[in-house]
Structure formats: structure tokens, C-alpha cells
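Can you make the complete structure from the sequences, with help from the hints?
Number of protein chains: 2
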Amino acid sequence: LRTFTVQYDITVLEGESIGAKVEGICFEQSVEMPPDTIDIDIHDEIVGRILLCEKTGESRYRAEIEWPLLNTGPEITQFLNVLYGNISMKPGICITGLSWEKLAGVPSYRQSDSDQLFPGPAYGIPGIRERLGIPERPLSATALKPMGLTATELADICYRFALGGIDIIKDDHGLADQPYAPFRERVKACMEAMQRAADKTGRNSMYIPNITGDWPEMVERFEIARDHGAGGVMISPHLTGLWALAALAQRDDALPLAAHPAFSGSHILHAGSGFTKAFLYGELWRALGADLIIYPNAGGRFSYSREECLAINEAARRPMAGFRSSFPMPGGGMQRANLPEWVRAYGPDTVYLLGGSLYQHPEGIEAAAREISELLAG
Amino acid sequence: LRTFTVQYDITVLEGESIGAKVEGICFEQSVEMPPDTIDIDIHDEIVGRILLCEKTGESRYRAEIEWPLLNTGPEITQFLNVLYGNISMKPGICITGLSWEKLAGVPSYRQSDSDQLFPGPAYGIPGIRERLGIPERPLSATALKPMGLTATELADICYRFALGGIDIIKDDHGLADQPYAPFRERVKACMEAMQRAADKTGRNSMYIPNITGDWPEMVERFEIARDHGAGGVMISPHLTGLWALAALAQRDDALPLAAHPAFSGSHILHAGSGFTKAFLYGELWRALGADLIIYPNAGGRFSYSREECLAINEAARRPMAGFRSSFPMPGGGMQRANLPEWVRAYGPDTVYLLGGSLYQHPEGIEAAAREISELLAG
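Chains A and B, in that order, are what the protein sequence lines are. Going by my numbering, the letters in the first sequence line up with residues 15 to 392, in that order. Going by my numbering, the letters in the second sequence line up with residues 15 to 392, in that order.
For the record, the hints were derived by calculation from the structure and aren't laboratory data.
Any copy will do: because identical chains look the same in the list, a pair fits if it lies in one copy or spans two.
Under the rule of at most 35 Å between Cα atoms (straight-line distance), these lysine-lysine pairs were calculated in the DSBU-like manner:
1) Lys116 with Lys202
2) Lys35 with Lys104
3) Lys214 with Lys202
4) Lys35 with Lys69
5) Lys35 with Lys116
6) Lys116 with Lys69
7) Lys104 with Lys69
Quick look at the structure:
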């Protein structure tokens, strides 16, 4: 019987006992019935099994539970239901890790017979470096904004960023299909701008439009992006459903896939509850197929610590069950002035996402882009 | 210019000022750029506008921000991005309400020209009562479980619940398409069992299979359920993507739609952050099209208070922007013994979902079902 193991950080609250709490997870996330109503063979085959439960601090425990893969079936939605469905509504339970090596190669029946439950990135760090022709140095990225500009205006910004040498130019995650810059028109205009810039510089940058939407719409937008030669696509998987990452990563015509953290915050904002940031962004998104992992950098508008960011980076890049590594793409809190310091901290296998500070540059965005590019070229 | 208004409960943390925090939301959820980089017409048309900000307690404020509907475009994913995309990663922000009357009738371009951004329930309380032929009394419901049983075994349980008079018999939300009880086989067997029971009792109950999956799979499961005459379908919208509710509710062949809270807990577990339970389950799910709103009852395995449950019920049922009312479907913490007390508290326009306690009945589940049915018949 194939199984996988989940690691939990458990906080015991007033009136709770650790034994009952961990056993409660074993039943809640499987049979969801009182133990006395369960037959012995169902119990042995279906209910989670406690492998480890050890005290790590005042009211804190580390637990490991082994789950039969049979319960998840061949699909991500039910996998996530076993991982964190009902216990998402219980306080003091945080998912910290998973035995990915037991999940690599498990088949899914989704799009085709060769599909896997967890595909990992289709490109990963080496594939994206190859597409860009940049074997070693750190990469730069920026976002087209603000909402409210027309497709032509956004394409003009795109052109100037590309002239200045930014490697990856993505849509702001708030650009969807609004009437002021409809998706198809925007992609067409931005790809033309990218081509004009490439003709001038002799260097390819990557434009990544945001295709977030409901699934039928996402497929349509994916195909528009592909047909216009876009370098990749971006989704906010917590808006689309996390399964969409794996579905996009396993297309025969898959493009590099960037994941944006919009709507994910509730899962990682509360210590001792939800997921650790390194698990959600670094491990789960990577296993689902994100090539580029966008997250809010320490020191920016969000309250992620430097240690948490380093842990996300490490999870995205370390050897893990044969999955390709993902590019961490921290954004926020980075300017021309402190970028060298971040590069020392995060290293070359990182995409440095700069936004507002490029738009604020007194000499304009092309000059801003050029400064960043020169800096990252070393 | 069409707009809508969102209400927030803001907690000011150490080092924050209320003015900067509320203004920060206006920019974060729209242009996502520093104010000094924004043209004045973008500012006036695109950035959120503070309508109200008043102190409600120590470090607590109630705020209202008006948003241009233009930013959301005609789709739920981007609507939720404006509502709670990036601010989901910031502490001390809780969504408590929305001006639904400004959103009723707004068109979506999704499945057909007549589609609306927020459709509300296709059936609602009156539609479900009509389908069941039960004009007034409170309804009973239960769940088929546990995981691990075969389709035939689950159908046998289904038969006995239906014989005993349970009105709504739904799949446990963990039943997906596992090899022990594949979806198609389970629906076929359960619908045959429902028919056999109806032939004997002369009374129709409703079987609601769980169709949660990725979208292509959900559509397939929906059609299997429809073709077998199922009374409704259930999804866990936080696993599928919330947009799936609106997509299913607007099908020409829509069936009563039950929403299950699996994977939603992070949004409602932390006071002062995320969404209030009444907003998420009672308002947002209802506006998206849930006919049946499943949530964990007070006094059960989850820590929802009686007041919170009453607030969910009220939100699901009160007049709201012309949407049909939704049936609250509290589950957990209810047994034969305390059911009359819950009926007094929640009233007749409620579906009382009993699970484990029916399976524990010493005389078997048919007897348990009969007791509940007699009790609710009054």
C-alpha cells in the first residue's frame, strides 16, 4: 500500500491533549467518523497513522502522520483535502513538510496517461536559463502597471524595460481582462514591443502575461499567449484553484509558469497555523509545477522575515524528489541601492523582481532598467 | 462609473498608523504603486476611495472603501483579487461586508451573454423546498461515509437513510474518485438505492454527490450526476477555486449546489484577519450561487460559536440584493438528544446535518434516521 507522510507543528490549546489532537487529525482527514463506528480493516487501511509525536516546546509538538495514497485518489483537489481540508478550520495545526519522494512519479489521470499527480516544474531554473540564454548570473524582473493604462501604454513601458535589459517583464497580477487593456490586445501589443526591443538590442527578454481566470478562460488566454510567442504565463493559484498549476505544467505545449501569492496570505500569516511559507511557496507550489515562485520580499510592504525568505529559496532550489528546481522571485523592498546586498543574501539562482522603485527613477524607466541590468551583469 | 463598497475591520499594529494602513489598502488592491508615480486621472478612476474610517475600540477601526467595478472586470477571480488578493498577506485586515446591491445584475462574459458576475443561488430555499415537496418544516441531512467502503456498500447506507426519511443524503466531502468507490459507479449505485427507497416509501429524498475536482473533471462529474437524476451536487469551492460556484450555478441545467468549507478555514480562523464567517459563508458563497451552505456547527469538533453560526444563518437568509436565500446547513455537534434545541435556535429554514451520531445508533442507521425524521416532522 503506497503512503506518504505529512509533518505538522502542533500547538496544544487550553483544554486539549496532544494525544487526542493528533489522533483527531488521523480521523478528521480520512473517515471523519467516531473511532467506535469504524471497522478494523477500514481503520487499518484508511485512517492516518501516527509515526512520530515529540514535544518541541511549551505546548508545542512535532508530529508525523502517514496517509494511504489511496485516499487522495489521482487528483490534486482531493490530495489537498486530505492534507488540509477540514483541519484548516482547527486552530494550532501547521503543515511544515511532506515526504515528496513518495509522491514523485505517482500517476494522475487528468489530461493524459502520462500525467503525474505532482509534475514539478516543466522548465525550472535550468530550462528558464536556457530559454533566456543566461547560464549563470542573477536575473532581473519587473511588472507592467498600473491598472488603468491602455494596452498601448503598457506595451510602451514594456518596450522601455526591454531596451533597458530587464530579463523578465510580467503583467502586474491585477491585469486581467479589464476593458482598458483587454488581454488579447495587451499580449499582442507587448509582444510586438518585445520584438522591437530585441531587434534593437539583439537580446531576448521574456514577457509573461497574467492568465489568471476561470479554467475555460485560462486555457483561452494560455493559447493566445502561446500563439503570440510569450515567454511564459502567470497565474495566482489561490484564485484559480491550486490544481491549475499542475494542469498547466503538464500541457504538451507548456510554457514557463509563474505563480503569484495573491489570496494565499491567510494560509501563512498566522504562526502555528496553516502552512509554513517555505512549505507552501517553496515545496507545494514547486511540486505542482511553478517554475517561478513570486513572493513578498523581506523589508518590503509585507511582513515576511529574511529567514523566512531564505527558507523559501532553499525549499525551491534544493534536491527534492527529482523535481526540477524553481526560481525564487522575491519582490518588494528592493531598490537600486540595496540590490547588491540582496544578491549577496539570495545568490545568483534568484529572479530579483523590482517594481515601484523603477517607476520612481528620476531619469525614467529605461535608465532605471539599465542600472539594474548593469548591476546584475556584475 | 459603477463602483462597489467593501467594509473592513482594521486592527492597527505596533508601528502602524490607521491613515497609512487604510490608504495602503486603496493602493495595494489597485495600482500597486507608490502614490507619487500615479497620474491624477488614474488616481481618480482606479485607486480605492476611503468613504469611512471610524474608531471602534482600542487599535480597532471600521473602514469602508469604494472600488471602481472597472478594476474587477467581468470575472470572479479578479474580483476576489481586488477584494483580498495582496492584503491577504497583511495582518490586521478583516473583510466584514460588501455592498451587494451594487453588484446584482452586473454582467459577466463567462459562459453566455446572460451570465452575471454574481448570480446568487439558482434554487435557494424556495427552489429546494419545491423539489423536495416540503413547504415548511426543517430539513434533515446526512453524509455517506466512511472513505474506504465500496460503491455498493455506500449505496446500501444511502438506501437505509432514505428509507428512514432523511431529506438530503450527501457524499462525505472526502469521497472523490478513489478506486474503492469510483465516482460514476457510486452515483449509479446510490441513485438506484434512492429509487428503491422512494418506491417503498412514496417519498423523494435528494442524493447529492461530491463532484469536487479540477474543472474538466467537475464538468464530467456534474453531467454524470445530472444524467443519473441526482438531486444536487456538492463542491468544496476553496479546493476548486471559488469561481466554480458561479460557473456551476449559471449552467442551463444547474442543479442545487451545496458548498463545503474544506480548505477554507485559514480565512476565518483568526479574529481580525481574513473574512468574518458570516461574510464568507453567508454572503460570498451565497452571492456566488451556493444553494446549501455547509458549515461546522457550534458545539461540535470545530470552534465556531453559537453567535457566529446565527450570523451565518442570518446572512444566508436575509434579503440581499435580490439574490435567492441559501439554506444554512450546519453539521457537527448535533444528536438526537439536542436536535430540538438547535431547531429552536436556528428555525425551520435550516438543513440539519447529522453524521457520526446516526452511525452510532444502537439500532442501526435506518432507526436513527427515522427518529430524526419524526422529530423534524414535529
